[in-house]
Amino acid sequence: MQEWANQLCENRQFGSKMTDSKYFTTTKKGEIFELKAELNSDKKEKKKEAVKKVIASMTVGKDVSALFPDVVNCMQTDNLELKKLVYLYLMNYAKSQPDMAIMAVNTFVKDCEDPNPLIRALAVRTMGCIRVDKITEYLCEPLRKCLKDEDPYVRKTAAVCVAKLHDINAQLVEDQGFLDTLKDLISDSNPMVVANAVAALSEIAESHPNSNLLDLNPQTINKLLTALNECTEWGQIFILDCLANYTPRDDRESQSICERVTPRLSHANSAVVLSAVKVLMKFMEMLPKDLDYYGTLLKKLAPPLVTLLSAEPELQYVALRNINLIVQRRPEILKHEMKVFFVKYNDPIYVKLEKLDIMIRLASQANIAQVLAELKEYATEVDVDFVRKAVRAIGRCAIKVEQSAERCVSTLLDLIQTKVNYVVQEAIVVIKDIFRKYPNKYESVIATLCENLDSLDEPEARAAMIWIVGEYAERIDNADELLESFLEGFHDESTQVQLQLLTAIVKLFLKKPTETQELVQQVLSLATQDSDNPDLRDRGYIYWRLLSTDPVAAKEVVLAEKPLISEETDLIEPTLLEELICHIGTLASVYHKPPSAFVEGSRGVQHKRLPGSAGSGDSVDSPDTASAAGVSEAPPAVIPSQGDLLGDLLNLDLTPPTATGPPPAPSSGLQMGAMDLLGGGLDSLMGDESEPLGGDLGGSPALGAGFGAPPAAMPASFNAPVSGGLDDLFDLGGGVGMPMGSYSPPKTVWLPAMKAKGLEISGTFARRAGVIQMEMTLTNKAMSVMTDFAIQFNRNSFGLAPAGPLQILTPLSPNQSIEAALPLSTVGPVMKMEPLTNLQVAVKNNIDVFYFSCQYPISMLFVEDGKMERQVFLATWKDIPNDNESQFQIKDCHLNSDAASNKLQGSNVFTIAKRTVEGQDMLYQSMKLTNGIWVLAELRVQTGNPNYTVSLKCRAPEVSQCVFQSYEAMLKN
Amino acid sequence: MIHSLFLINHSGDIFLEKHWKSVISRSVCDYFFEAKEKAVEPENVPPVLQTPHHYLISIYRGKLFFLSVIQTEVPPLFVIEFLHRVADTIQDYFGECSEGVIKDNVVTVYELLEEMLDNGFPLATESNVLKEMIRPPTILRSVVNTLTGGSNVGDTLPTGQLSNVPWRRAGVKYTNNEAYFDVIEEIDAILDKSGTTVFAEIQGVIEACVRLTGMPDLTLSFMNPRLLDDVSFHPCVRFKRWEAERVLSFIPPDGNFTLMNYHVSSQNLVAIPVYVKQSISFFETGPCGRLDITIGPKQTMGKTVENMMVTIHMPKAVLSANLTATQGNYTYDIATKVLVWDIGKLNPQKLPNLRGSLSIQAGTPKPEENPSLNIDLKIQQVAISGLKVSRLDMYGEKYKPFKGVKYLTKAGKFQVRT
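Here the protein sequences come in this chain order: V and P.
Under the working numbering, think of the first position of the first sequence as 1, with each following residue one higher.
Under the working numbering, think of the first position of the second sequence as 974, with each following residue one higher.
Here chain V stands alone, though its shape is the one from the complex:
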C-alpha cells in the first residue's frame, strides 16, 4: 500500500494530472470532511470531481457511507455522468442507510418518466439494485410501466429488474403479477427482450423448482429459436440453456431443433458453443441411430470441441472437464482427435492433468503406440504431480487396451530403471494392478521390482509391493526374507501396509508352510496383541481362527482365484453421467457432481434425465459405446467392480459383517483363546501340501515346542484386547439401548453401501434430555479406509441443522462400523419440504460426497415446555377454525388411557385434562414444536375398543398428518 502511494505521488510529480489516480492521494484524516465541502459546492464541475473521488474510494473498499446525504443531494441533475456516478454510490450504500435512501425515490420515479429511454432504463435498473424493502414498494408502479415501455431497451432492462426484485421480495413480485408479464415478454418482437426475459425467468425458476415458470411448448420453443439467431452472444447462452430443459415430443421435432441450433457451434464465444453442444448432446438421444442426420451431427460436434482447446487456459480447463463427460458418453465423437490432447510443455498444470485423463479415455488399439510414446515423454517432465499421473496413466492403458499391456509393462520397467524415486513408486503401484488384470503373465518382472524394495517410502507403493510378494510368494525364493524385513518396523507402518503385510504373510504361509511358521506367528501376534487398530486386530483373528480350525478352508479362501479388475472403475456411474450430460457447461460439469450436490439454494430434487431414444430404444450404437451406453438402463451400480473389491479386501468369500449385529469377535474369540491355536490344523495342512514331509514334521519335537508355547501364553494376553472390545460395546449400548422416555424409531438404512462407494449409513432420530440427536451407524464396506467425515443438511421445514461437526475421530477402516450421535439444532435455514419431515443430508468423506434423504418423526420436535395452561387450551381450541381440525383413527392399540397418557408424556405430549363420558376417556393434550407451533389434540379412548380417535387442531394444519403418524408410532411402541 505504501509503495503504491509513493508511486502515485510520483505520478503526480510527473504531472499526470489527467488521470484518476489523483483521487487516491487524499488519505489524510480530514478526507471525508473535505469531500463533504466539495460535494456541497455550487460549481457543477467541482461536484462531479468530488463524486468521482468518493467513487474511487469506494472501489478500493474505503468506507465513505458517511457522505450519503451529500452525495444524494447531487442526484437531481441533468448531467448524465454525474447522475450515473450518484447511482453507483446509491447502489453500494443504500442498504446501510435505508432511511436516507428513501430521499432518492422521487427522483427515480421522475426519471422513469423521462423522455430519454436511456434515463428511463437507467432509473429502473438502479432502483432494482437498491436492496431496501421500503424502496421496492415504490418501484412496482414504474416497473410495470417500463415492462410495457415502447422502447425495447427499456423493456429488456425492466425484465432483468423483475429478477432483481424477486431476489429481494419474491412474494411482492408474485402478488404484483410481474411473473406473467415476464412470461409475455418471451413473445416480444425484439430478440434482446426475449433473451433477457428468458434469463430472468431462468434465474427466478432456480429458486422455485416446481413452479412452471418456463412453460416450454412448441410455440415458445419456436419463438426462442427465432430469437436465438438475432440476439447477443450472452442472450444466446440463456436461450440455449433454456432450450436444453425442453423435451421434444418426437424425433422429428428433436431433429428440427438440432438443425437450428447447429450454426451456434461456429460462434466465437466458447460459452455459446458449449451450451449448443449441450442441447445437441441431449436431443441427439432421441434421434434414431440409423438416421443420416445423426451421423452428420456427430461429425459436426468434433471440430468445435477441438477449437475450444486453442482458447485461453481457463476456457480450456472448463472445456476439458466437459469433454471428459462427452467422451465417456459418446467416445466416437473425438476418437480421431487424440493428438489435440497431447500436453504442451507450458500448459498450466490443471490443463495438463485433464488432458491426460482424456487421453486415457480415448486410448484404443489404434492409437496406443502414440499415446504410450507421449506418456513416456511426460514421465520425464519436471512437475512431480504430473509425472506421477503420467506413470499411472501407463498402467491404466495396459488395463484398458489388452494388446498394449506388454508394451506398457516394458515402458514401466524402463521408467523403473531411471531410479527416480517417485517414478519407481508409482510404477510399482500400477504394475500391481496390471498383475491383477493379467495374472500369470508378467511375473518375470518381479525380480526387477524386488531390487527397488528399499527405495519405497510411500505407503501405497509399499503395500503394492508387499501384495506382489505375497501373491507370487511361491516364485520368489526369498519371499520370507523380504516380508520379514518389512515386519521389523511393523508398528511404524501405515494401516494400509500393515493389513497388506498380514495378508501377504498368511498367503506365504499357506504356500510354503514349512519355513514360515515363525513368521506367521509373529505377524499374527503383532496384529492381534500389539495393535490398537480394530481392523488389523479383527483381520488377524480371522486368519488365526481360519488357520487353526481348518487350514484347507483357509487355503481355499485366502488363495482363492480373484476376479479380474477392469478399467471401468474410473468411469462415472452411468446415471450420474446422464445427468451430467444434461448439465454440460455448468458448474456441475466442472465438478462432475450433480448440481443438487453442491449448489447452495438449489432444491436438490430435480434430476435431469436424457430423453429416451426413438425407434428401437436401443442406445447401443457402436461397439465403442457398448460398455458405457449399454448399462444406462440398468439400475445404478456405483462401484462397477465391487465384487472384486470386497474379495480382495479380506481375501475371503464371506459376506461382510452387517452393521446392526454386534461384532462377533469377542464372544467367539474367548472360546478360541482356550483352544489350541494353529496347532490342531497344521497336520492336515501339511498332509495336504507336503506329503513327504508329513511324517517327519509330526514327530519333530522342535516344531511341537515352537507351536506349543504360543497357545499356552495366549489366553492371558488374549484377554486384554477382548475385554477392551467388550467395553467398547457397552459404551455403545449406553447410547443406543437405554430408553430415556422419548420415542425413537428403530434404525433404518438411509444410505445403502451400493449407492455410496461402500459407505453404509443407517440411523434414527431421538430426543434425549431436550436435545434432538441424529444417531447413525456408519459402516465401511469398501476396500479403503474412510476419513474426514462431515455432514450437512439441506434447508428443511423446521430448520434442523447439525449443532456441531460430525464427531468421527478415528478413520473408519474397511468393514468397521462406528456409532455417531449428532446433536441437532433448530436454528438452521428453513424451507418447506414435501413431505414436511423430509430431511436431505449430504455426508462427505475422503472418497466423495453422498446424498440421501430421510424422514424424522415429528415427535422429535416436541419441546419440554409444551404443556399449555387449561384456560389457554380452551381458548385456543375455540380460536382455531374448525377447518383446521383433522381426525384420525389409530387401530389396534391396546393401552388404557392412563398408559397412553404416560407413554405420550415421555415424548413431550402433555395431557392437560381428562374427561370420561359414557365409558369413553377423552384426553386433551398439547404439544409445542421447536418453531413455536402449538398442536392441540383430543384423544378418545373407549375401553374395550382397540381403535383410538385423535382430533388435531393446529394453526398450521400441514403438520397434522405428521403428528398423527407420530402418535401412532409413539403409542404402538
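No lab work stands behind these hints: they were computed from the structure.
Yeah, the Cβ is synthetic: ideal placement off N, Cα and C, and Gly gets one too.
Check the hints yourself; a few may be wrong.
Unchecked claim - Lysine-lysine pairs mimicking DSS-like chemistry, simulated, CA-CA at most 30 Å apart:
(1) P:Lys994 - V:Lys36
(2) P:Lys994 - V:Lys832
(3) V:Lys844 - V:Lys878
(4) P:Lys1289 - V:Lys419
(5) P:Lys1104 - P:Lys1036
(6) V:Lys344 - P:Lys1318
(7) P:Lys1250 - V:Lys376
(8) V:Lys145 - V:Lys223
(9) P:Lys1351 - V:Lys148
(10) V:Lys344 - P:Lys1276
(11) V:Lys289 - V:Lys299
(12) V:Lys299 - P:Lys1361
(13) P:Lys1289 - V:Lys844
(14) V:Lys335 - P:Lys1104
(15) V:Lys344 - P:Lys1351
(16) P:Lys1166 - P:Lys1036
(17) V:Lys335 - P:Lys1213
(18) V:Lys43 - V:Lys62
As the list claims (entries may be wrong) - Under 7 Å between C-beta atoms, here's a sample of chain P residues computed to sit facing chain V:
(19) Ile1032
(20) Asn1092
(21) His1236
(22) Tyr1380
Here the structure of chain V is known, so what remains is to put chain P in place on it, guided by the hints.
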C-alpha cells in the same frame, strides 16, 4: 449470475472491487489466496474454486487476476468469457490492461463495469456500443472537458444497441474509406527428439480494420476455403452463406474487430517452417553438460524467417552456461533458469548455431528431466496453411474503398523436445 468482481494484483492485493448484487466481503478472496499460495506459479491457479457459500471463477491476464464471485449455478465458460471481455475492453480503452492503467482510470473502469453487467447479466459488451456510452479518454477530450464541463458519458441511447446490427453504430462517416484484413496464423506444434512432428495444428485469425462510411455490406471470398476445419465467426458474419457458398458475407462493425477464428488441424499436413538439430546432455561424472543447437529453414514458402528466438527452461541444477552463438545473442537467467537465444533473421546460407558447456551445481545428481525448446518465429507475407483471400466486394454503398490484405505466420506453442 455474476455477483461480484475483484481485481487482484500479482502480489495479492485487491485493488478494485465491484458488486452487482449485494456487497460480498472481500474476505471471500482468502480462499483464492490459499489456492494461489498452493499453486506457486500464478498461471497454475485453478480457474474454478469452490468455497462453502460461493464459487470463485478467475482468469489471469496481464499479471492480474480477475476474480468473480458467483452464488448460483452459472455456466463457468460464460463467466470466463465475460472476464476476458472485461480485460479486452480495458485493453481497448486504455491501450493496456495493467494495474497502473486501471488505477489511473478507476472511475471510467467502474462506469464500464456498471455498463457491462446489470444484476450479473451482461448488458453491453460490444466495444462499439460501450464507446458510444462511455467515451474512451484522450488527452484532448480531458482538456476540453475540463474547460467546458463536458462529460465522458454519452447521453443518447447507443444506436447499435437494439438494431439488427448491434455491432455497428449508425451514421459512420469517413473521408478516407478503407478496409484492411490481417490473416495471422500461429503454428502450435510439438516436435520430438528426432525432429518428427508429434502434433501440429494451425490457429488462424482474421483481424479486420474497417473504416467505411454508411452501412457497407462486404463479401470476402477465399481461393481455398476448404482448408479450414473449424471456424468461428464474429456475430456479423452470415452463417448461412458460409455454409452454402463458403464466403464471408457481413456488415462490419466500425473499427478494429476479429472477423473470424479458424483452425487447420493435424488432419491436413501442416508445414513446419524450421528444423532444429539439438543435443543437450549432462555427463554422469563431473559437474557439466554440453549443449549444441543448430536451426535451419524447412518449409518456408520461399520467405525469410524473422524474429527467431529459442527459449529453454533448464533443469534447476544448471548454474551457468558458457556458450558461443554464431548469430544473435544469448542470455541465461540464473534465477529463473531460462536460457534465451535471440537469433533474429534466419540466414539459409549460414545456419545459426549455439554450442558450449553448461555447468551444474557440484554434488547434485545428473538432472533427470529433459528441457524443452520453445521456438518463436515470424514469417511475413505468408499464411503457412496456404489460405489466400481471393477478393473483397462491397455492396450497399457507392464509393470505392481502399482494400488491403496482409499475411503473417507466427509460432504459437511451438516446442521441440530433447
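Verification of the hints:
A C-alpha spacing of about 27 Å is found between Lys994 (chain P) and Lys36 (chain V), which places the hinted pair at or below 30 Å, so the restraint holds. Taking the CA atoms of Lys994 (chain P) and Lys832 (chain V), the gap is near 26 Å; set against the 30 Å cutoff, the hint holds. Note on Lys844 (chain V) and Lys878 (chain V): the hinted pairing is violated, with a Cα-Cα distance of about 49 Å set against a maximum of 30 Å. At most 30 Å may separate the alpha-carbon atoms for a hinted pair to count; Lys1289 (chain P) and Lys419 (chain V) meet this at roughly 19 Å.
Note on Lys1104 (chain P) and Lys1036 (chain P): the hinted pairing holds, with a Cα-Cα distance of about 25 Å set against a maximum of 30 Å. Between Lys344 (chain V) and Lys1318 (chain P) the CA atoms are separated by roughly 26 Å; this keeps the pair inside 30 Å, and the hint holds. In summary, the hint linking Lys1250 (chain P) to Lys376 (chain V) is supported, as the alpha carbons are separated by about 22 Å, within the 30 Å threshold. For the proposed pair Lys145 (chain V) and Lys223 (chain V), the alpha carbon gap of about 24 Å is at most 30 Å, so the pair holds.
Taken as a hint, the Lys1351 (chain P) and Lys148 (chain V) pair is broken in the structure, with Cα atoms around 56 Å apart against an allowance of 30 Å. As the CA atoms of Lys344 (chain V) and Lys1276 (chain P) are separated by approximately 28 Å, the hinted pair is consistent with the 30 Å bound. Between Lys289 (chain V) and Lys299 (chain V) the alpha-carbon distance is near 13 Å, which keeps this suggested pair within the 30 Å criterion. A C-alpha spacing of about 26 Å is found between Lys299 (chain V) and Lys1361 (chain P), which places the hinted pair at or below 30 Å, so the restraint holds.
A hinted pair counts as satisfied when its Cα atoms are at most 30 Å apart, and Lys1289 (chain P) with Lys844 (chain V) does not qualify at roughly 40 Å. Straight-line distance between C-alpha atoms of Lys335 (chain V) and Lys1104 (chain P) comes to about 45 Å, which puts the hinted pair past the 30 Å bound. Taken as a hint, the Lys344 (chain V) and Lys1351 (chain P) pair is honoured in the structure, with Cα atoms around 20 Å apart against an allowance of 30 Å. A hinted pair counts as satisfied when its Cα atoms are at most 30 Å apart, and Lys1166 (chain P) with Lys1036 (chain P) does not qualify at roughly 33 Å.
In summary, the hint linking Lys335 (chain V) to Lys1213 (chain P) is supported, as the alpha carbons are separated by about 29 Å, within the 30 Å threshold. Of the supplied pair hints, the one linking Lys43 (chain V) and Lys62 (chain V) holds, its CA atoms being roughly 26 Å apart against a limit of 30 Å. Hint status for Ile1032 (chain P) relative to chain V: holds, with the closest Cβ pair at about 5 Å, below 7 Å. Look at Asn1092 (chain P): its Cβ gets to within about 5 Å of chain V, closer than 7 Å, so that hint holds up.
The criterion of a C-beta within 7 Å of any C-beta in chain V is met by His1236 (chain P), whose closest approach is roughly 5 Å, and the hint holds. Because the beta carbon of Tyr1380 (chain P) sits about 19 Å from the nearest beta carbon in chain V, more than 7 Å, this interface hint is broken.
Going down the numbered hints, you'll see the structure goes against 3, 9, 13, 14, 16 and 22, while the others check out.
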